[in-house]
Amino acid sequence: MTGGAAAPAIRAVGLTRRFGDFTAVDRIGFEVAPGEVFGFLGANGAGKSTAIRMLTGLLAPSEGTATVAGHDVATEAEAVKRAIGYMSQRFSLYEDLTPRENARLYGGVYDLPRREVEARFGELIGRLGLGEAADQRVAALPLGWRQKLAFAVALLHRPRVVFLDEPTSGVDPVARRQLWELIYETAAGGTAVLVTTHALDEAESCDRVSILVAGRIVALGAPGELARRHGVGSVEELFVRLARPEREAAR
Amino acid sequence: MSGRAAAGPAVEAEGLGKRFGDTAALADVSFAVEPGEIFGLIGPDGAGKTTLFRLLATLLVPSAGRATVLGLDVVRGLWGLRRRLGYMPGRFSLYPDLSVEENLGFYAAVFGTTIERERERIRPVWEQIEPFRGRRAAALSGGMKQKLALCCALVHRPELLLLDEPTTGVDAVSRRELWDLLADLRAGGLTVLVSTPYMDEAGRCDRVALIHQGRLLAVDPPREIAAGFDRPLVAVAVRDRFAALAALRELPHAESVLPFGATLHLVDRRRDAPAERVAAEVRTHLAARGFADAEVAPAAATIEDVFIARMGG
Chain A
1 MTGGAAAPAI RAVGLTRRFG DFTAVDRIGF EVAPGEVFGF LGANGAGKST AIRMLTGLLA
61 PSEGTATVAG HDVATEAEAV KRAIGYMSQR FSLYEDLTPR ENARLYGGVY DLPRREVEAR
121 FGELIGRLGL GEAADQRVAA LPLGWRQKLA FAVALLHRPR VVFLDEPTSG VDPVARRQLW
181 ELIYETAAGG TAVLVTTHAL DEAESCDRVS ILVAGRIVAL GAPGELARRH GVGSVEELFV
241 RLARPEREAA R
Chain B
1 MSGRAAAGPA VEAEGLGKRF GDTAALADVS FAVEPGEIFG LIGPDGAGKT TLFRLLATLL
61 VPSAGRATVL GLDVVRGLWG LRRRLGYMPG RFSLYPDLSV EENLGFYAAV FGTTIERERE
121 RIRPVWEQIE PFRGRRAAAL SGGMKQKLAL CCALVHRPEL LLLDEPTTGV DAVSRRELWD
181 LLADLRAGGL TVLVSTPYMD EAGRCDRVAL IHQGRLLAVD PPREIAAGFD RPLVAVAVRD
241 RFAALAALRE LPHAESVLPF GATLHLVDRR RDAPAERVAA EVRTHLAARG FADAEVAPAA
301 ATIEDVFIAR MGG
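These protein sequence lines are chains A and B, in that order. Under this note's numbering, the first residue of the first sequence carries the number 1, and numbering increases by one thereafter. Under this note's numbering, the first residue of the second sequence carries the number 1, and numbering increases by one thereafter.
Calculated from the structure, these hints are not laboratory results. As the structure is a computational prediction, the values presented were derived from the model and not from experiment. The C-beta atom is built at its ideal place from N, Cα and C for all residues, glycine as well. Watch out, some of these pointers could steer you wrong.
[Said to hold, decoys possible] Computed footprint of chain A on chain B; a stretch qualifies when at least three of its residues, placed anywhere within it, have a C-beta under 8 Å from a C-beta of chain A:
1. 28-34
2. 138-146
3. 160-171
4. 195-204
[Unchecked claim] Facing chain A, according to a computed beta carbon distance under 10 Å, are these residues of chain B, among others:
5. His212
6. Pro298
7. Ala300
8. Glu304
9. Phe307
10. Ile308
[What the hints assert, rightly or not] Computed footprint of chain B on chain A, listed as stretches where at least three residues anywhere in the stretch have a Cβ under 8 Å from a Cβ of chain B:
11. 35-45
12. 102-111
13. 163-171
14. 178-189
15. 234-241
Work out the full structure: start from the sequences and follow the hints.
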C-alpha cells in the first residue's frame, strides 16, 4: 500500500472466478474511490455474490487481481477483512442478542478496546435515534431498525470500505431512506460504499453503478450519464435492456 | 370478467383483525376485490400482508371482523374454498429435491388433475419454465423459482390467485416478467390478489391497498392515490446530497426532506403554497448555501411519497 489520498478503495483487474467449467465472474475490472457510493447491479445469478465474496477475501480468484483498501484479496485476505465492513439482510445481527451485545461481540472480533466499542456504539445509536433499542433482543425489533443497527455495527471499526448486500430489502420507505442517509453520511466521511439492490430507483442514488451480466460488466458509469449514453430514461430501463437472464441455461 | 360481476366481490373483508398475544398483526381491515382485477397489497415487511393472506387462504382464523372469499366465509366455508384458491406463500415452499416437472406434477395430482390436462391454463407460465423441467427446484434462480411456484398455484384452475410477495428478492428483469404473466392471467379472466414491498410495482395493479403496521392507509387505483397527495413537492438534483439534506431541513416550512432515487424530495407543509414558489424559495436557499449545481423543480408525488406521508399520520 503506497497509498496516497487518490489510491482507489477498491480496484479489480481482470478478476475472474470459475467453478469447474462454469465462469461465474469473467474478467471484471473497476475502481471505487474513497468516499464513493458504487452500485453493484446485476440480475439473480449474474455473479454479484461471487464477486463480492472475492472482494471481501472469502473466495480466492481463479485469475486476475483485486485490492481492497490497498490489500490484495488473494494474498492479504486477513488484512482485507479487517479493513472492511459487511452487511446484508441475510446476515446482519445475532437475533438472540441485543444490539449492544452484538456490538461487543463484533468489537471483540476486531480487537477493539471495550471502551471504544461502547463509546462508538453509543455515538452511532444516538445519531440513529435508536437508543431505546440498544438493550432489546434483536428478534423483537422491526426490520428497519435492525437494518440500521446492523449498518451501525458494521461501521464500528471505522472500515475504509463497506459492502452492503441488499441492505434495504423489505424495509419500509422511511427506513429505506434513513439507510440511504447513513450511506451518504458514511461516504461523506471518506469510506467507500459498494451496495447491491433490486430496487433500481436506488441505483440512481449512487455516484456510479456497474451492471453485471453473465459474469461480465456490461455498463459502468454515473447513472445519469449511462442512461444518456444508452438513450434510455433510467438505470432500470437500461438494466432491463441489458440484463436478460439468458445464462439460466448455463447454470 | 364482467359477465360475472353480478356474483359480487371475489374478496370482501370487513373490520378484519388478527391478534397474536399482545400484538395486533391486523386491525380493522376493510376492502373488496372485484372479479377480474389485479389488486395489490403494498407495504413493507411486518405490515401484516402475510397475516392477511393466511386469513383469506383459510389458514388462520380472524380475531375480529369477517371475510368472504368467492362468496364463502373464510371460517365456515373453509373446505369449499380451498380447492377454488391458488395460494402462493411468501416463502418458497416447493420440494427442493424434486425437479420442476415433479413439483408441478405433484401439485396437479393432489388436486386430481395432470399437467397435460391443464396445459392450456398454465401455458403462459409453463412455457417459461419448461426448458428447465428436469432441473431440481433448489437449483433454479430466484425468478424461476417464483415462476414455478406460480405455476403450481395455477395448476388446479383456481378462481382466485393469492400471491404473497412473488417478486421479493427477485431481480428487476424477472420482476417485470412476473408482472407480465399476471397481466396475461388476468386477461384470461383470473382475479389476482398480490402483495409486494416494492412501491413502484403499484402501477401494475388495477387497484392497490397501502398497508402499514396492520392497517390500511389507502385503497384506490394507484394513479388516484398518487394524485391525492395534498402538499407542494419539489425535487432537488444536487451533487452533494448528504450536505444538501441538512441544508434543506433548515427551511422553516420543510415537512420532510428525503432521498428519492436521483433526487431529494422536499415536501412543504404549507398546503396552499404553489409548488413553483416553493421551488423558487428552495433554489434561493441552496444558492445562498453554496450549492451552485442544484436543480430544483416541482415534482409529481409517487405512491411512495403518499405512503410516507400517511405513515406519519
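We went through each hint and held it up to the structure:
1. With 0 residues carrying a beta carbon less than 8 Å from a beta carbon of chain A, the stretch 28-34 of chain B misses the three-residue requirement, and the given coverage is violated.
2. With a cut-off of 8 Å between beta carbons, the stretch 138-146 of chain B has 5 residues touching chain A; three or more are needed, and the interface restraint holds.
3. Evaluation of the coverage hint for the stretch 160-171 of chain B: fulfilled, as 4 residues show C-beta separations to chain A shorter than 8 Å, against a requirement of three.
4. Check on the stretch 195-204 of chain B: 4 of its residues sit with their Cβ under 8 Å from a Cβ of chain A, so the three-residue criterion for coverage holds.
5. The beta carbon of B/His212 is positioned within 10 Å of a beta carbon in chain A (closest approach about 7 Å), and the interface hint is therefore held.
6. With a cut of 10 Å, the hint placing B/Pro298 at the interface with chain A is violated, because the nearest CB-to-CB distance is about 19 Å.
7. Checking B/Ala300 against chain A: minimum C-beta separation of about 15 Å lies over 10 Å; hint violated.
8. Interface hint status for B/Glu304: upheld, as the beta-carbon distance to the closest one in chain A is roughly 5 Å, under 10 Å.
9. For B/Phe307, the interface hint holds, since its Cβ comes within 10 Å of a Cβ in chain A; the closest pair sits about 5 Å apart.
10. With 10 Å as the threshold, the beta carbon of B/Ile308 comes within range of chain A, its nearest partner Cβ sitting at about 5 Å, so the hint holds.
11. Beta-carbon proximity to chain B at under 8 Å applies to 4 residues in the stretch 35-45 of chain A; the threshold of 3 is reached and the given coverage holds.
12. With 0 residues carrying a beta carbon less than 8 Å from a beta carbon of chain B, the stretch 102-111 of chain A misses the three-residue requirement, and the given coverage is violated.
13. Coverage of the stretch 163-171 of chain A by chain B holds [criterion: at least 3 residues with CB-CB distance below 8 Å; count 4].
14. For a cut-off of 8 Å, the count of residues in the stretch 178-189 of chain A with a CB near a CB of chain B stands at 6, and the three-residue condition holds.
15. Coverage of a stretch by a chain is defined here by at least three residues with a beta carbon nearer than 8 Å to that chain's beta carbons; for the stretch 234-241 of chain A and chain B the count is 3, and the condition holds.
In this structure, the earlier hints numbered 1, 6, 7, 12 are contradicted, and the remaining ones agree with it.
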